[in-house]
Structures are given as structure tokens and as C-alpha cells.
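> Sequence:
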Amino acid sequence: MALAVDEAFKAAGQAPATEIWRVEDFVPVPLPKGEYGKFYAGDSYIILHTTKAESGALKYDLHFWLGKDTSQDEAGTAAIKTVELDTHLGDKAVQYREVQGHESDLFLSYFKTPIVPLAGGVASGFKKVEAEIFENKLFVIHGTRASTRVTQVPLARESLTHEDVFILDTQDKIYQFNGEKSNLAERGKAMEVIQQLKEANHEGSSEVVFVDESGEGSEDDGFWSVFGDAGPIGDKAQEVEAAPLKLFIVEDGVLKETEETSELKKDSLDTKSCYLLDAGSEIYIWFGRGASLDQRKAATLAAEKLVSSAKKPSSTRITRVTEDVETAGFKSHFQEWF
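Take the sequence shown: its position 325, counted from the start at 1, is 325 in the working numbering, and no numbers get skipped.
To be clear, the hints were calculated from the coordinates, so they are not data collected in a lab.
A few of these clues could be false.
As the list claims (entries may be wrong) - DSSO-like, lysine-lysine: derived pairs with alpha carbons at most 30 Å apart:
hint: 1; residue 1: Lys38; residue 2: Lys137
hint: 2; residue 1: Lys246; residue 2: Lys272
hint: 3; residue 1: Lys312; residue 2: Lys246
hint: 4; residue 1: Lys59; residue 2: Lys272
hint: 5; residue 1: Lys265; residue 2: Lys92
hint: 6; residue 1: Lys266; residue 2: Lys52
hint: 7; residue 1: Lys311; residue 2: Lys272
To be verified - Ranges of calculated distance between the beta carbons of each label pair, as one might list FRET restraints:
hint: 8; residue 1: Ala230; residue 2: Gly253; range: 53 to 59 Å
hint: 9; residue 1: Asp221; residue 2: Asp73; range: 41 to 47 Å
hint: 10; residue 1: Ser205; residue 2: Leu293; range: 49 to 55 Å
hint: 11; residue 1: Ser214; residue 2: Pro32; range: 39 to 45 Å
hint: 12; residue 1: Gln335; residue 2: Gly204; range: 55 to 61 Å
hint: 13; residue 1: Glu24; residue 2: Gly222; range: 36 to 42 Å
hint: 14; residue 1: Glu7; residue 2: Ser309; range: 33 to 39 Å
hint: 15; residue 1: Gly253; residue 2: Glu24; range: 23 to 29 Å
hint: 16; residue 1: Glu24; residue 2: Ser308; range: 20 to 26 Å
hint: 17; residue 1: Asp221; residue 2: His333; range: 49 to 55 Å
hint: 18; residue 1: Pro30; residue 2: Lys266; range: 37 to 43 Å
Beta carbons: idealized from backbone N, C-alpha and C, even for Gly.
Starting from the given sequences, assemble the full structure and let the hints guide the process.
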């Protein structure tokens, strides 16, 4: 008997394209193409990117994006529906968990402009969140012209660095602060972000003030007044030391650490099972070809629970691969892979 699939997924992945669904009341709803690139912080989305290989075969990259204010129910639904869509596509997709402000380069490459999540969500009718007092927001722009991340950061001097471009959105003005070591790509992308902020928060119009760390440019002191006057700023945080690898098998929805963790090999994986590889800043879920759909869903939820249990940062990236469709990143953690 064929697997029942949501009506919204039945025509998915038939040709090279990017397709997006929003989770509404536990159901994936196609997003109008005019809304592509607009993501609401209160929602969860499923994104399918289909390309064609030189052989003519279709290749799939499947993502689910979680806004910082999305509910656990919506996040869980997005994770499960992504598994179901992959099954509908013949288990050929590589699946990625994307978190607001920590999106992968691959995901960002699908959109012409940087992603600046909007306040609200489907539960609030996608209405702009009104407030009696405008809340100042600080964003950091980091990356290259091909892949630029836009992340809201705490409104504090400690958030500022020499290496990046920052945007301070206030009720009366929008400030662009250029760190002395920031690159031209970041500065150029910042202008696109400012335009999005104008449309989202200022009815399309706002005065823009440029502030260079070197002291050149505008004499407007409004930017530094938010941070208690001008002063020194810090360098980037030190990289966190890589955590040791841990391999878990998923049995009845429960993670059980395997004994083969120090030297992982391909034959450590049983085709009838699902595994979770904890690589520190990234988690991989491996679906054996012989694993049932219920096993795959249980493994997916187990990974979400691991992250939400406070043992992992909410931004932890989760990549789900199927046997014979593993990524190079997953394979690199194994001693032998033939």
C-alpha cells in the first residue's frame, strides 16, 4: 500500500525548483511564491530545493526552518513532515534543520536577499507586532556576498566586533555600523537588510545613518548613545573546542550510546536501524534503508528532544541522511568508508 502523503506534497520535487510550505495547525500549507524569502519568527517552514544532476536524475535538499518564537508543536510537526516528504521522494533527500539566525550557507544560497525574519506568525494572523514603545533592535551582518547571515544579537556593547557590520534599528533612524575589519560584501548586504527593515518596521521610509568604527562619516551620535557613549569594542569570541564524537542507536524512541565511538566505521551502522551521531556543534541522524517510517520519525523526535533538553544550544544544526545518500560531512567522522 502506498504511503499516505499530505495533499500539499503530492506534486513536490517533480522538477528543479525551490518549494516552501508553512506549518499551519499541524498541516503543511504551500507558501505563495511572492512570499518566498519572508519568514516569520513565530512559525516553522519546510523548504525543498530540487536540482538535476548531470545524469538527469533529480537531487533533493530538504530543510525545515524554525523561527525563534515557533511553538514546540509546530517545530515537531515540521520535523516529522520533512521525514514524510523525503519518504514520498523515495528517501533521496538530505535533510537539514535550520534555526533562525544560524542558517546554513546552502539554505541562504536559495534567496537573492538576506533573510530578516519578521515578528509574528500564523497564530497572530501575520500582523505586525504593535508596541506602545518601539523596541530598538541590533543585527549583525556576517559572511560573503554569496552567503550572508543576518542575526539579531543582544543590544549591548559586548555584541559589537571589529570584523562585522551591525544595524541598529530605532524608532527614528536606522544606523549601519561598519567594523574596521568588515568586508565590502557585508557592507553591501547591509543596505539590502536596511531596505527590508524600512518596509517591515517603518512603512517603507526611514533616515539611514552610517557610522564607521574609524570615526569617519556621520557626526550623528545617536548610535553610540544607545550603548552609553563611544568606547572600545571586543574581538570575536574564541572558537569552542570540538566535543568528542558520540554515536547513539535509536531504540523505541530512546537514545542508547553505542560502544563504538572512538573509531567509527561504516559497518558500525545496521541497515535496519536509525542512529544519531553527536559531533558537538552538529548532529547527524542516519536512516538505514531497512528502517521503518515510524523508526525514522522516532529518531527525528529524539534529536529534537536532545537539543531542547538544554544539553545543546537551540542553534545546533541537525542533518538527516539516508543510507547510500550520506554527505561528505557525515562520512568524514568515520575511520573507514568504502
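> Each hint: holds or not?
Verification of the hints:
{"no.": "1", "hint": "Lys38 / Lys137", "result": "18 Å, holds"}
{"no.": "2", "hint": "Lys246 / Lys272", "result": "20 Å, holds"}
{"no.": "3", "hint": "Lys312 / Lys246", "result": "14 Å, holds"}
{"no.": "4", "hint": "Lys59 / Lys272", "result": "24 Å, holds"}
{"no.": "5", "hint": "Lys265 / Lys92", "result": "22 Å, holds"}
{"no.": "6", "hint": "Lys266 / Lys52", "result": "28 Å, holds"}
{"no.": "7", "hint": "Lys311 / Lys272", "result": "28 Å, holds"}
{"no.": "8", "hint": "Ala230 / Gly253: 53 to 59 Å", "result": "54 Å, holds"}
{"no.": "9", "hint": "Asp221 / Asp73: 41 to 47 Å", "result": "46 Å, holds"}
{"no.": "10", "hint": "Ser205 / Leu293: 49 to 55 Å", "result": "51 Å, holds"}
{"no.": "11", "hint": "Ser214 / Pro32: 39 to 45 Å", "result": "44 Å, holds"}
{"no.": "12", "hint": "Gln335 / Gly204: 55 to 61 Å", "result": "57 Å, holds"}
{"no.": "13", "hint": "Glu24 / Gly222: 36 to 42 Å", "result": "40 Å, holds"}
{"no.": "14", "hint": "Glu7 / Ser309: 33 to 39 Å", "result": "34 Å, holds"}
{"no.": "15", "hint": "Gly253 / Glu24: 23 to 29 Å", "result": "26 Å, holds"}
{"no.": "16", "hint": "Glu24 / Ser308: 20 to 26 Å", "result": "22 Å, holds"}
{"no.": "17", "hint": "Asp221 / His333: 49 to 55 Å", "result": "51 Å, holds"}
{"no.": "18", "hint": "Pro30 / Lys266: 37 to 43 Å", "result": "38 Å, holds"}
Hint check: no violations occur; every hint is consistent with the structure.
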